[in-house]
Structure formats: C-alpha cells, structure tokens
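A.B. asks: Chains A and B supply the protein sequences, listed in that same order.
Quick note on my numbering: the first sequence kicks off at 1 and runs consecutively.
Quick note on my numbering: the second sequence kicks off at 1 and runs consecutively.
Because the hints were derived from the structure by calculation, they are not lab data.
Careful, some of the hints might be misleading.
Unchecked claim - With a cut-off of at most 30 Å between alpha-carbon atoms, the simulated DSS-like pairs for lysine-lysine come out as follows:
#1 A:Lys-49 to B:Lys-209
#2 A:Lys-230 to B:Lys-299
#3 B:Lys-209 to A:Lys-190
#4 A:Lys-513 to A:Lys-470
What follows is the residue order along each chain.
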Amino acid sequence: MKASRFTAAHQSMTFSRRMMLVGGAQAAFGGLLVARLGYLSIAQNQHYKLLSESNRVQLIPVPPRRGWIIDRKGKPIAINRSSFRVDIIPQQLVDAPRVVRTVSEILGLSPDEIDRIHKDLEISRGFQPVAVGDNVPYEKYAAIMVRIQELPGVSASRGFSRYYPGGPAVAHLVGYVGAASAKEYEKENKNPLLLVPGVKIGKDGLEKSFENMLRGQPGGQRVEVTARGKLVKELEPKPDRSGQSVQLTIDAGLQEYAARRMGDQSGALVAMDVASGDMLAYVSMPAYDPNSFSDGIGRTEWRMLSGDDHIPLLNKVAQGLYPSGSTIKPAMALAFLKQGIDPARRVHCAGGYQIGNRYFRCDAAHGSMDMHSAIERSCNTYFWATGLITDPEKTTEMVHYLGYGEKFDLPIPTQRFGTMPSPKWLKEKYDREWQGYDSANTSIGQGYVLINPMQLAVMPARLASGKLLKPRLSMVDKLRPASNLDADPEHLEFVRKAMAAVVNGSGTAVGSKLPLEGIQMAGKTGTAQVFRLGERGHQSNWALRDHALFISFAPADAPRFAIGCIIEHGGFGASAAAPIVRDCMTYLFDQQKAMDALAPLEQQWGGTLAERTARLQAQFDAVSKANLKA
Amino acid sequence: MISSAIIPQPLARLPWRLIWLVALICTIGVVTLYSAAGGSASPWALKQAITILAFMCVAIGISYIPENFIKQMTFPAYVAIFILLVLVEMIGFVGKGAQRWVDLGIIRLQPSEFMKPAIALVLARFYDLLPASDVRRWRGLWPAAALVFVPAGLILVQPDLGTAMMVILGGVTVMFIAGLPMWYFGAAAAVAAVAGPILFSMMHDYQRKRVLIFLDPEADPLGAGYHISQSKIAIGSGGIWGKGYLNGSQSHLDYLPEGHTDFVFATFVEEWGLVGGALLIFAFFMVIRWGMNVSRHAKTRFGQLAAAGLTATIFFYVSINLMMVMGLAPVVGIPLPLVSFGGSAVMTVMICLGILMSLERQSRTKSSLA
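Could you put together the complete structure from these sequences and hints?
C.D. replies: What follows is the structure, encoded as structure tokens:
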C-alpha cells in the first residue's frame with residue numbers, strides 16, 4: 001500500500017494487531033522463563049544439588065594411619081610412632097607476624113622455614129592448616145602448649161610419624177616417606193589429602209611400591225564453609241580407614257644382623273629361602289637413616305651423605321652392578337657338564353694360559369686340575385681351557401638361566417639387572433664375533449659380565465634346590481611353585497659337592513667354615529677386578545681394590561638357605577665377603593652364636609650400628625649448626 | 001476493584017489489583033533481602049522497604065497528574081535528561097573513568113535510569129504529533145531513531161551495555177506499535193545479526209568476556225563464569241519446593257555473588273523453589289498484562305503508545321534480568337525491579353507505574369477522545 005493512503009483508521013488497526021503481537025511475544029517470553037526455571041529446578045535438580053552440596057561442605061582430610069610393614073614372622077619393620085606437631089590455622093590467626101615470630105623462636109626454626117610458613121599462609125584457604133613443625137620434641141610441644149592462649153591460630157597436636165626400628169638396616173629395603181612434592185600432587189590429580197600437614201607418602205623402596213596398600217582411606221572433618229573459606233559449622237565427621245599392613249618375606253632379625261655384620265664396609269647382601277625363593281635379607285650398606293628422612297632431611301645431612309664414597313644413598317641391591325668374578329664358576333661347570341665335558345678331564349695349570357696373542361695369568365700355578373678341584377681352588381686356567389672347547393652360546397645361556405643378568409619381577413621402584421654376555425648379544429650390541437678371549441673373560445666372570453647382588457643369591461639358591469626359583473619379597477605376591485631346572489640332577493650334585501669343598505675341603509674359603517656341629521656351608525668365592533688384572537691383591541687405594549664376592553648355601557647336604565654377598569673393594573672374596581656370609585648363615589641356625597661373633601667386631605668398629613648411626617646424626621647436626629652460624 | 005461504601009471514593013478509585021500485585025512482588029523482595037543478609041533487616045531489607053514505600057507514594061502521586069500535563073512535560077524532560085547524560089559523559093571524561101552519576105549535592109542522579117521511561121514517553125509524544133500519513137514515510141523514522149539512538153549511544157559509552165540495550169528495546173517497541181512498516185524491523189534484525197560480530201570486536205574486554213562466558217559459562221567456572229554458574233546452582237538446587245526460607249546455602253555462604261542485587265532471583269528461588277519462582281514470574285506477568293490493557297483501553301494515541309512503551313520498559317527490565325540469572329542471556333548488570341536491593345530500579349519502575357496509573361485513570365474518567 002502507498003504511504004499516503006495510511007490513515008488514522010489504518011493506524012488504529014495496525015495498533016491492535018501490533019499490540020497482539022507484542023502481548024503474544026511477552027507471554028511467550030513468560031512461558032520460556034517458567035520453562036527454563038522448571039528445567040533448572042526439576043530436570044537438572046540432582047546435578048545442581050550435588051554442586052551446591054560440594055560448594056557448601058568441605059572436607060578437611062584427616063590422614064589415615066599408614067599401614068605397617070612387617071617381616072615374615074610379624075615383626076615390625078616400619079610402624080607409626082606418636083609424635084607432636086604444630087600447625088597454624090590461618091582463619092583463626094590474629095597478628096600473624098607476631099605469632100609466627102614467637103612460634104619460630106620457641107621451635108628454633110631457620111629463616112628458610114619461616115619464609116616458607118609466610119608463603120604458605122598467603123596462599124592458604126582459611127580453614128586449612130599450615131604446617132609449622134613436624135615431629136616436634138615433647139619439650140618444645142609443651143612450651144607451645146603453655147603459651148597457646150597468647151598464640152591465636154596456633155594448634156599443637158599429636159600425630160603420627162613413621163618409625164623404622166631397624167634404622168639404616170632397612171633403609172634401602174623399605175625406602176622412606178616424606179611430604180608430597182608439587183609434582184606428586186599434580187600426578188595424583190591434586191588429591192587434597194597430599195596438602196594436609198603431616199601427610200607423608202612413600203618416596204622410595206617398598207614404601208613407594210606399596211603406597212596404595214599402605215596409605216588407607218582418608219577420613220575427614222566435614223565442615224560448612226563460606227565462599228571465602230570461613231568455617232561456619234562442623235558437620236558429622238567421616239571416619240578414616242587405616243592402611244593395610246604389608247608382610248614381607250624378609251626376616252627382620254637376619255636383615256638387621258647382616259647390616260650390623262657388614263660394619264662400615266660398602267656392600268650388599270641378599271639371603272633367600274631355598275624352598276620358596278622368599279628373600280630373607282635385602283641389605284645395602286652403608287645406608288642413611290630413614291627415620292631422619294621421614295622428618296625431612298637437613299641440607300647438610302644430604303650433602304654429607306651424597307659426598308660419601310661408600311655411597312649410602314645408593315641401593316646397591318637393586319642398582320649396584322658388579323662383575324661376578326669367580327662366583328660364575330659353578331654355573332660354568334654345570335654348563336660344561338651339560339655339554340658332555342668329562343668332570344675327570346684334567347687341565348694343567350702352570351700359572352696362566354695363552355689365548356691368541358695374549359697370556360692370561362691365573363692366581364697361582366695350580367698344577368693338574370679336574371673340574372672338582374678347579375671349582376674348589378678357583379683355577380682360572382681350567383675354565384679358560386675348557387671354555388675354548390665348548391660352545392660359548394650354550395655356556396653363557398646356562399649361566400643366564402641360573403640367574404646372572406636375569407630380570408626379576410619385584411616391587412622395587414628402580415632396578416638394574418646387569419648383563420650376561422653371549423655371542424648373539426655381542427653381535428647385536430657391538431657387532432663383532434665372539435673371540436677366545438671373550439670366552440676366557442666370561443668364564444671367570446669378567447669382561448662384559450655384570451650382575452646385581454640379588455642374582456648372587458638366586459644363583460646358589462637355584463643350584464642348591466635344583467629348581468628355577470623366583471625371588472619373592474612380599475607375602476602379598478602369591479607363592480608360585482618353581483619348576484625343576486633343566487639340568488641333570490647328577491650334574492647338580494657334582495657342582496654342589498665341589499662348592500661344599502670350597503668351604504670345607506681345601507678350597508678358597510676354608511677359613512669360613514660354619515662354627516656349627518653337623519651343618520656345612522657350600523659356597524664359591526669371587527674377586528672382581530676393578531682396576532686391572534695382574535695387579536690383584538692388596539692395594540693401598542681403597543677405591544681401586546677388587547670387589548669381594550661370595551655365594552653360598554647351607555646346609556650343604558640338604559640346602560635350606562642361600563646367601564649372596566658383595567663387599568665393594570673388599571679385596572679377596574674369601575677374606576672380605578665369605579666371613580660375613582658365614583656369620584649370617586650361622587645366625588639362621590644359631591642366633592646366639594652369631595651374636596657372640598659380632599660383639600667383638602662391633603667393639604672394634606666403635607659401637608653397634610644404632611650407636612654409630614646416632615653418632616653420625618650428632619655429627620650432621622653439629623656441622624649443620626656450625627654452617628648456620630657461619 | 002474494591003468499591004465498598006466505607007472506603008472513600010478517591011481510595012476506591014485506585015487500581016487496587018495492580019497495587020496488590022506490586023505489594024506482593026515488593027514483599028517477596030524485602031523478605032528475600034532479609035534472608036540474603038543472613039536473617040537480618042539490616043543492611044538491606046529495612047532500607048529497601050522504606051525506599052519502596054516512598055516511591056509507592058510517589059507513584060500514586062504521579063497517578064493524579066493529568067495526561068495533558070505529562071504530554072507537555074515530555075519534551076522538556078527528555079531534553080533535561082539528555083543534557084544530564086552529556087554532563088555525565090563530560091565529568092567522566094574529566095575524571096578519566098566510567099561515570100554514571102551526576103552528583104547534585106543532596107542526591108546522586110543516574111540520568112540513564114530516567115532515560116528508560118523518558119524514551120517511551122518521548123516517542124509516544126512524537127508519534128502522537130506525527131500525522132498518520134507520515135508514519136510510513138522517512139520523516140516518521142529518522143527523528144524517532146535519533147531520539148532513541150543518540151542517548152543510547154551516550155549510555156553505551158559510559159559504558160553501560162544493559163541500560164543502553166533497554167533504552168533501545170523500549171524505543172523500538174514503541175516504534176513497532178506506532179505502526180512503522182514491518183520490513184524496517186526485519187531489516188534491522190538482519191543488520192543486527194551482521195553487526196553483532198562487528199560490535200563484539202568493538203566491545204570492552206570485560207563486556208566481551210561476559211558475552212563469551214554466557215555462551216559457555218562452564219568453561220571458566222571459577223573465573224568470569226562464576227556468576228552464571230553459581231546462580232544456576234542456586235536455582236537448580238532449590239528444586240520444586242526450595243530449601244526453605246533462610247536455608248539457602250548458596251546465598252548464605254556467599255557462593256552466589258550479588259545475591260541481594262542482580263542475582264536476587266537466584267537467592268529467592270533457592271529458598272522457595274520452582275513454586276516461588278513461578279509465582280514471582282506470574283506476578284510480574286500480571287503487572288505487564290495490566291499495563292498492556294491500559295494501553296489497549298487508552299483513548300488517546302499518546303496514551304496508547306506511552307502505556308505500551310512504559311510496560312515494555314518494565315517487561316524488558318524483568319525478562320533481561322531473569323534470562324541473565326537463569327543463564328539465557330549474558331550478565332549485563334540489570335537488576336530485578338522491585339526485588340533487587342537498590343533505589344534506581346525501584347524509582348524507574350515506580351515512575352512507569354505511576355504514569356501508567358495516571359493514564360489508566362484518564363481512560364476511565366474521560367468519556368470521549370481528547
């Protein structure tokens with residue numbers, strides 16, 4: 001229609017029509033709003049109710065008590081000890097600088113610590129406590145309690161801290177616990193439990209591997225809080241559930257005895273039950289004190305531990321790799337027997353052996369040797385010569401089969417398993433053919449051969465039992481029946497006899513006979529070259545001395561236990577490692593006799609392990625204090 | 001209508017149905033503010049009650065003003081408010097900051113608030129003066145557009161997106177009812193669809209953020225989307241019957257921001273549920289219906305258009321706020337009139353209602369067209 005024809009009458013009609021439209025649109029909007037309201041409060045009600053509840057109710061996690069770690073007989077290895085702690089509840093804090101100053105004076109906190117507390121207070125959410133002191137001595141706890149009235153916001157309470165009765169003896173076995181790091185917090189999807197002061201998680205060893213079992217279910221104080229973190233009221237608490245205990249196959253007594261018997265030497269010892277493959281001892285020494293780690297180790301202590309040439313921070317059982325030395329010989333012998341070498345075949349040892357253009361020197365001129373006497377007296381010449389007339393692939397395969405270089409499935413965070421070289425391996429790794437000197441090196445456990453101390457126990461255990469035993473560390477894992485070794489029982493018996501002669505005949509370890517009536521130990525010494533073959537024996541420089549090794553089982557005629565031991569830079573296996581194994585073996589049969597043997601030694605070393613650990617700790621503290629003053 | 005013999009004639013002639021509706025809405029507001037303060041009359045409920053009573057009296061007072069006087073005052077009032085708007089802009093420019101107030105010593109005036117009813121009245125007056133034959137001509141559009149968009153532009157740069165939007169929507173509604181050609185509005189909608197993205201790029205950062213958050217509030221529930229998320233939680237967790245009076249955890253524990261002003265509806269619905277919310281929406285709807293009926297029954301063109309425009313102002317006030325609170329519109333900072341704490345919205349709506357009552361009175365008393 002043309003605009004000029006638009007009249008008042010049209011206008012009135014348009015008005016009515018448009019009013020209808022507007023009114024209709026408004027009604028539609030009203031309907032839409034009510035529909036939306038209905039959708040939110042009926043269809044989405046459950047969803048939003050949940051969100052509203054999670055807004056309203058906050059959980060202040062109450063840490064569960066960590067599960068115990070106990071030995072095969074139920075003796076505690078890691079337990080919880082009641083301790084005292086001091087926290088600050090930011091919301092109740094009045095005059096923060098004064099309170100923090102007073103508390104840190106009472107507790108004697110370092111400037112670093114005070115700085116940390118101030119930072120934590122800044123980012124904290126009102127009702128969540130900020131840790132001030134962990135494992136506070138009773139006197140300081142009491143001093144805080146006396147003045148608690150003038151320290152608003154400070155809370156002194158009893159808690160639990162991890163305690164390892166064995167101290168350093170179990171350090172590398174169980175690891176230690178500590179407050180979660182930022183990385184661990186992220187990894188657990190920001191689990192709020194990890195932020196609660198006093199909550200410790202496994203940082204290493206079994207404490208780390210069994211974290212899921214040990215931790216338990218956190219309970220919590222349920223509180224109603226405002227958006228700004230102000231506590232409104234307390235609701236019904238949610239109970240916590242303690243962590244489960246983890247039972248190990250370890251014999252805590254033997255573990256501690258072995259650790260003490262090793263004294264100040266650097267090394268590792270592993271004991272196994274020959275019937276089951278259960279590991280009875282898992283010792284790496286020297287070690288740090290896990291008790292002082294769980295409180296947060298001081299910087300000085302850390303530096304002094306890292307600087308020690310006996311590397312107390314390294315778990316030598318899991319991560320130490322060593323040449324096996326002559327401990328490989330019983331396995332070599334079994335391999336020779338399997339390939340049809342007559343045990344009576346004799347080799348003349350004139351003090352060495354020529355392979356290619358190189359002359360390999362034996363420890364002595366042993367004269368005419370058969371297989372039995374070659375094991376007994378550890379004659380290298382015999383093994384060099386026999387190695388050249390056998391198949392190196394088959395020989396090395398047998399040694400690997402018996403445990404050297406084998407990977408074990410154990411709940412230990414970081415493990416290294418070493419290498420058992422073979423012609424095939426050499427081809428793949430270094431792309432070269434196996435030579436006579438490779439056979440020679442391998443047959444005396446040198447060259448590429450690298451083993452870990454666990455294998456030093458598995459090998460004699462398998463030889464002794466005739467079974468393909470797998471080491472087991474915790475009772476959590478089911479005991480799996482082991483299959484028989486793929487070896488002639490007569491051959492095994494021959495090797496066992498030869499090993500018995502090493503200790504009880506005219507062998508290399510006759511000085512380490514068991515002081516027990518009717519029980520004989522069988523074994524094999526090993527001396528692993530660190531520096532250069534030919535300069536064996538006494539070295540004035542400790543770090544250049546040979547490693548001493550010893551593998552054994554007892555009783556020789558009806559084996560029950562197997563022990564492998566390595567003493568770093570201990571010199572001859574017979575002189576350093578064998579006596580330790582002898583005493584540990586004695587402990588398994590007669591504890592009193594073993595303790596009697598230990599007493600004079602410890603006197604000579606300046607006290608028991610516990611005494612020496614305490615002295616070391618005092619030394620750390622003194623140095624740390626001196627540093628602080630400087 | 002109450003018409004008992006014992007009630008004096010002037011009182012009986014007040015639009016009681018509307019007054020009861022308004023009283024119901026205001027009571028809901030005061031009761032909710034009492035709860036929002038954690039069960040206390042201070043600082044909001046009592047003050048709000050006094051404000052409402054005062055402006056209620058003002059509204060009833062306005063209702064006695066004759067339509068002709070309102071008509072005559074429309075242009076001068078519009079010009080005065082416009083000058084105030086410019087003044088605010090200048091003060092803001094000098095003070096180097098967002099400025100929405102003029103401080104007159106005794107009271108602080110927010111001129112953009114007055115602009116909402118003024119725009120409805122001035123357009124009504126404009127189309128009242130415009131001969132019917134010119135409505136569909138160019139001269140029927142551009143002065144009206146200028147009357148709307150110049151002050152809207154001034155408000156937008158204050159910056160106050162919500163009020164600017166309301167001024168535009170109110171003006172456009174009057175233009176629509178005045179009978180401007182339909183294709184204008186279709187074209188404008190098309191242009192808006194195209195211009196939206198361009199406008200978006202010209203927005204202030206905080207405005208742009210609000211729009212983005214509106215599109216996906218859960219993307220940043222702890223940051224800028226917090227308002228919408230918490231408001232929806234409050235409304236949704238109320239369910240059908242609500243959590244009970246004084247039991248709203250979202251508002252009482254401060255999770256719901258602005259629970260006494262822009263998001264007062266969420267505070268109310270959390271405690272009174274769907275039932276309470278629907279009742280409040282229904283009450284507002286009835287008020288608006290009453291306003292539309294005033295327009296329909298008005299006997300002058302000015303009365304028709306002014307009543308429709310003022311009602312539209314109230315409608316947009318309520319619906320934009322509710323859509324925002326329920327997550328259907330971006331957070332633009334528009335309170336729920338008569339319920340939210342604060343005097344400006346009460347004042348605007350009461351002025352609207354007062355003029356509406358005045359128009360209603362005229363339509364009842366005048367027997368013939370003016």
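A.B. asks: Look at each hint and say if it fits the structure.
C.D. replies: Verification of the hints:
{"no.": "1", "hint": "A:Lys-49 to B:Lys-209", "verdict": "holds (27 Å)"}
{"no.": "2", "hint": "A:Lys-230 to B:Lys-299", "verdict": "violated (60 Å)"}
{"no.": "3", "hint": "B:Lys-209 to A:Lys-190", "verdict": "holds (28 Å)"}
{"no.": "4", "hint": "A:Lys-513 to A:Lys-470", "verdict": "holds (28 Å)"}
When each numbered hint is compared with the structure, a violation occurs for hint 2 only.
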